[in-house]
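*Asks:* Each residue of the sequence shown is one higher than the one before, counting from 20 in this note's numbering.
No wet-lab data here; the hints were simulated from the structure.
We put the CB at the ideal spot given by N, CA and C, even for glycine.
Hints should not be assumed to be uniformly reliable.
Unchecked claim - Cβ-Cβ distance ranges computed for the label pairs, FRET-style: (1) Val102 <-> Ser203: 36 to 46 Å; (2) Phe201 <-> Val113: 32 to 42 Å; (3) Ile141 <-> Val45: 43 to 53 Å; (4) Arg213 <-> Ala110: 33 to 43 Å; (5) Arg131 <-> Ala164: 41 to 51 Å; (6) Val102 <-> Ala180: 26 to 36 Å; (7) Phe172 <-> Leu98: 44 to 54 Å.
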Amino acid sequence: MSHEGHDNFGQGAPPTVSHIEPARPVWPTVIGVISIVFGLLGALQGCGGIVMPFAMNGLTGLMPDDQSKAVFAGMSDHLAWGVAAGVTGMAVGVLLLTAGIGMVQRRRWSVRAHTIWAVLAILQSGVGGVYGFLIQQSQFQAMKAGGMPPTPFPMEAFAAAGVLVGLLFACAYPVFMLVWVFRSVIRDQVAGWR
Numbered sequence: 020m021s022h023e024g025h026d027n028f029g030q031g032a033p034p035t036v037s038h039i040e041p042a043r044p045v046w047p048t049v050i051g052v053i054s055i056v057f058g059l060l061g062a063l064q065g066c067g068g069i070v071m072p073f074a075m076n077g078l079t080g081l082m083p084d085d086q087s088k089a090v091f092a093g094m095s096d097h098l099a100w101g102v103a104a105g106v107t108g109m110a111v112g113v114l115l116l117t118a119g120i121g122m123v124q125r126r127r128w129s130v131r132a133h134t135i136w137a138v139l140a141i142l143q144s145g146v147g148g149v150y151g152f153l154i155q156q157s158q159f160q161a162m163k164a165g166g167m168p169p170t171p172f173p174m175e176a177f178a179a180a181g182v183l184v185g186l187l188f189a190c191a192y193p194v195f196m197l198v199w200v201f202r203s204v205i206r207d208q209v210a211g212w213r
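Using the sequences provided together with the hints, build the complete structure.
*Replies:* Shown next as structure tokens:
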């Protein structure tokens, strides 16, 4: 094959590049945005948890059925737990929101904040699961005492399974964060952050 008319073909000097910047990892932005969204939702859910027990007490007076009143009366037995769960949920949500903002900005402290959040979120999920189970049990007792006929399927078993599935979902992101931030490649990248 002839290269007539192309005297310099293949003979030019190679381009010189003194330094190529490695691509900046995108995982801090992705995880940070997810944490911001989950943190906002958690804080809002916590606010709802603070208000809901008081709203339930107000709604009880509007209900004509004694059985419905008995169900909500069972919930009012756990009023202090509901408010405490709402306050802690809001605080844990704000912590995750703050950690997410720090992660997007690539701040070293955000990794520690995510770690603290993950441990608190797992503990909160466990306590919340027990709290939810106790409320469900008091509601079932109130329904039985109110004369509700038995259901053809075991409601208590479905409720317990629902609490367990809820715990698994609630712990998924915290467990992921604990695994993610302790990977050596991630620790090496975070060491270069401000």
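*Asks:* Indicate, hint by hint, whether the structure satisfies it.
*Replies:* Tested hints:
1. The hinted range of 36 to 46 Å is satisfied by valine 102 and serine 203, whose Cβ atoms lie roughly 42 Å apart.
2. The given range of 32 to 42 Å is broken by phenylalanine 201 and valine 113, whose C-beta atoms sit roughly 24 Å from each other.
3. A hinted range of 43 to 53 Å is violated for the C-beta pair isoleucine 141 and valine 45, which are about 27 Å apart.
4. Take arginine 213 and alanine 110: their Cβ atoms lie about 26 Å apart, and the range 33 to 43 Å is violated.
5. A hinted range of 41 to 51 Å holds for the C-beta pair arginine 131 and alanine 164, which are about 49 Å apart.
6. A beta carbon spacing of about 27 Å between valine 102 and alanine 180 agrees with the range 26 to 36 Å that was offered as a hint.
7. For phenylalanine 172 and leucine 98, the hinted distance range of 44 to 54 Å is not satisfied, since their beta carbons lie about 30 Å from each other.
Of the numbered hints given earlier, the model fails hints 2, 3, 4 and 7; all others are met.
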